[in-house]
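Q: Required output: the full structure, derived from the provided sequences and hints.
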Amino acid sequence: MGMFTYAPQRERYAFFLADGSTASSLNGSSPISKKGNNSNFTYHGRSYGMGSSVGLVDMELTIHQHIKAYRYFETGYNSKFTYVDVVNQTIKVGPHTTQGVENIDPSSSIAGSARDAFAGLSLISINSFISVLGNMIHDNLFNVKQQKTKETDEELLLRGVVESLQALADQYFFSLSAAQLMITNDTISEPVISKIQAIYLSKDSFIYAVTAINCLVVLILLYEATRTGLWSGLLTFNFADVKSVIVGTSQGGSQIGQIVRGEYKNQGKVWSGEAIDRVAGSIPVQIVQRTSTLAVVAAV
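Count along the sequence shown starting at 1, add 70, and that's the number in our numbering.
Honestly, I wouldn't trust all of these hints.
When the alpha-carbon atoms are kept at most 25 Å apart in a straight line, the in silico DSS-like pairs for lysine-lysine are as follows [to be verified]:
1. Lys215 / Lys150
2. Lys138 / Lys150
3. Lys215 / Lys104
4. Lys150 / Lys273
5. Lys273 / Lys104
6. Lys265 / Lys138
7. Lys265 / Lys162
8. Lys162 / Lys138
9. Lys150 / Lys162
10. Lys162 / Lys104
11. Lys313 / Lys273
12. Lys273 / Lys138
No lab work stands behind these hints: they were computed from the structure.
A: Shown next, in the form of structure tokens:
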């Protein structure tokens, strides 16, 4: 799962330096930073030290085949909610935009330890010519300058330093939170709002129309079932059976044949028996009861 420690500035300093040197993007968009463990999640924007549980203790959410994303409220120095995109494995933390942010550490001990962590990072591999922390800030200043904004040099310099230090603070708070979670199993339960995969049918008007048509079909089916006594009163005559049609027509006499012969005589033609015959096809017929038998006759 990764390395979890209460002294991240010493054991995980590479993550600090990587986040600090890329705290600002080259084009001014939200920076992307890798989550400091083996969960394969990445932050889009600042983490504010939140989201340590994502990919570690939320397996029921991240492996569920229908859950595409979820959101939960997480208390931090400046965080409002944490949004997790399960499909793309990204995390977005929403900051507070109003007053009344909860002070999670009235004693300021966590903030004080973060300040001490910065001091510890500044002493890594330092000599008369190289400062690792200074090189980190220098690299991020390069990113800020590439954004081509209308800020003055002083404003660019200040923003580059601030965003680097913010990234260090976020990484420190995240590391402590992850250590508290994985080492001491210090957790609380929070409700989540999940986004699931579902089938979208259409607009409400379309759904209502389809439902109405289906209900109409069911009503017609029930009516016919009642009228025919559950279809027990239907005729056994099979229109698709050639022999049944021939016998039924013969029982009806020569009426249909005379009608066809007369129509073709008026056209100066004779019936040829083609399947596309429009004259014969336009004659309405019906089945009638005749002396203990069924007969097919013209319905005229």
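Q: Can you list which hints this structure breaks, lowest number first?
A: 1, 4, 5 and 11
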